[in-house]
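**Q** Sequence:
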Amino acid sequence: MADEPHLLTSEQDGILFVSLNRPDKLNALSGETMQLFEEALLRFRDSDDLRVMLIRGNGRYFCAGADMRSGSPSQQKRTATSIRENHRTGLHGMHRIYDEMEHIEKPIVAAIHATCVGGGLEMVMSCDFRLAAKSAAFSFPEGLFGVLPASNGVSRLTRICGPHWARWLIMGNQKADADKAHIMGLVHDVLPDEGFDEAALDFCRHLTKNDPEQMGAAKIAIELVAEVGPDMARHVERMANSALMLNPAYLARIEAYVKGIGAKK
Numbered sequence: 052m053a054d055e056p057h058l059l060t061s062e063q064d065g066i067l068f069v070s071l072n073r074p075d076k077l078n079a080l081s082g083e084t085m086q087l088f089e090e091a092l093l094r095f096r097d098s099d100d101l102r103v104m105l106i107r108g109n110g111r112y113f114c115a116g117a118d119m120r121s122g123s124p125s126q127q128k129r130t131a132t133s134i135r136e137n138h139r140t141g142l143h144g145m146h147r148i149y150d151e152m153e154h155i156e157k158p159i160v161a162a163i164h165a166t167c168v169g170g171g172l173e174m175v176m177s178c179d180f181r182l183a184a185k186s187a188a189f190s191f192p193e194g195l196f197g198v199l200p201a202s203n204g205v206s207r208l209t210r211i212c213g214p215h216w217a218r219w220l221i222m223g224n225q226k227a228d229a230d231k232a233h234i235m236g237l238v239h240d241v242l243p244d245e246g247f248d249e250a251a252l253d254f255c256r257h258l259t260k261n262d263p264e265q266m267g268a269a270k271i272a273i274e275l276v277a278e279v280g281p282d283m284a285r286h287v288e289r290m291a292n293s294a295l296m297l298n299p300a301y302l303a304r305i306e307a308y309v310k311g312i313g314a315k316k
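Start counting the sequence shown at 52; every next residue gets the next number (the working numbering).
Among the hints, a few may not be true.
Unchecked claim - Quick list of in silico lysine to any residue cross-link-like pairs, SDA-like style, CA-CA up to 20 angstroms:
| # | residue 1 | residue 2 |
| --- | --- | --- |
| 1 | LYS185 | GLU245 |
| 2 | LYS260 | LEU77 |
| 3 | LYS260 | GLN63 |
| 4 | LYS226 | GLU245 |
| 5 | LYS157 | ARG94 |
| 6 | LYS231 | CYS212 |
| 7 | LYS260 | ASP99 |
| 8 | LYS226 | PRO214 |
| 9 | LYS260 | ILE305 |
| 10 | LYS270 | ILE155 |
To be verified - Distance ranges between label pairs, derived from CB positions:
| # | residue 1 | residue 2 | range |
| --- | --- | --- | --- |
| 11 | THR259 | MET119 | 50 to 60 angstroms |
| 12 | ASP244 | ALA284 | 32 to 42 angstroms |
| 13 | ALA277 | SER98 | 37 to 47 angstroms |
| 14 | GLU83 | ARG111 | 35 to 45 angstroms |
| 15 | ILE134 | LEU297 | 43 to 53 angstroms |
Simulated from the structure, these hints should not be mistaken for laboratory data. Each residue gets a CB set at the ideal place from its N, CA and C atoms; glycine is no exception.
Whenever a hint applies, use it, and build me the whole structure from the sequences.
**A** Below, the structure written as structure tokens:
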């Protein structure tokens, strides 16, 4: 197992499958994992044939977070500035990679079958959709060491779940099972363990049928309107639709729809 790559990829019907592949290390995120993940992410971004990215984990954990043994914090230069810069530019590129996941105008889905903590939870929070098996569980163990999850853990968790639940996971250092995570808004759906992989794949197949221009515009628009007031949000909607409604695919669909209504009368 030690000779196998830390990340496996495959493609099928417009879906890029990305599997964390260190089951003996509970899929802890190593430098190799993040390098291979970024390569896969950029391939997904740049290929017109790839419509959806599905992230999974092999073994009894989805991800145990960053591999703490691949670089001890005690070996780093110990100043506040260097620590801040390491968060921004180090950590195997987590900040850069997770930001790129949010910026790519295609849907990224995380299928979390088991325990997901720390840097792994930060990874899945950068996805557009999070599906959890009944056996999944979530936490930020950073509080046990007296620090914060700072590769988007505080910022994205608060944005997704609000300060109420961010306090629960980060300040309270509480764990959340799949049902609790669903209540919090951390995951979109909880599915039975049996048949979970196939159910997640069915969801991805559904996404591949959606118009890619609409998906990209929706991803940007949703991010923008979360940051502005209602009046400015209306401008974002109108701006997005002014481009989408000039799309030949839209014009063909709406024309066919109107003709279909006329034929039924």
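**Q** Does each hint hold? Answer for all of them.
**A** Here's how the hints hold up against the structure:
1. For the hint linking LYS185 to GLU245, the alpha-carbon distance of about 9 angstroms falls within 20 angstroms, and the restraint holds.
2. As the CA atoms of LYS260 and LEU77 are separated by approximately 34 angstroms, the hinted pair breaks the 20 angstroms bound.
3. Among the hinted pairs, LYS260 with GLN63 is consistent with the structure: their alpha-carbon atoms are about 14 angstroms apart, no more than 20 angstroms.
4. Pair hint LYS226 plus GLU245 does not hold up; C-alpha atoms about 23 angstroms apart against a cutoff of 20 angstroms.
5. A threshold of 20 angstroms between alpha carbons decides the hint, and for LYS157 with ARG94 the separation of about 12 angstroms falls inside it, so the pair holds.
6. A threshold of 20 angstroms between alpha carbons decides the hint, and for LYS231 with CYS212 the separation of about 12 angstroms falls inside it, so the pair holds.
7. A C-alpha spacing of about 14 angstroms is found between LYS260 and ASP99, which places the hinted pair at or below 20 angstroms, so the restraint holds.
8. Between the alpha carbons of LYS226 and PRO214 the distance comes to roughly 16 angstroms, so the proposed pair stays at or under 20 angstroms and holds.
9. With a C-alpha separation of about 17 angstroms, the suggested pair LYS260 and ILE305 falls inside the 20 angstroms cut-off, and the hint holds.
10. A hinted pair counts as satisfied when its Cα atoms are at most 20 angstroms apart, and LYS270 with ILE155 qualifies at roughly 9 angstroms.
11. Distance hint for THR259 and MET119: a CB-CB separation of about 37 angstroms, inconsistent with the stated range 50 to 60 angstroms.
12. Against the hinted window of 32 to 42 angstroms, the Cβ-Cβ separation of ASP244 and ALA284 comes to about 39 angstroms, which satisfies the hint.
13. At about 28 angstroms, the CB distance of ALA277 to SER98 disagrees with the hint of 37 to 47 angstroms.
14. Checked against the hint of 35 to 45 angstroms, the C-beta distance between GLU83 and ARG111 comes to roughly 21 angstroms, which is inconsistent with it.
15. Judged by the Cβ atoms, the range 43 to 53 angstroms given for ILE134 and LEU297 holds: they are separated by roughly 48 angstroms.
Of the hints listed earlier, those the structure fails to meet are numbers 2, 4, 11, 13, 14, in rising order.
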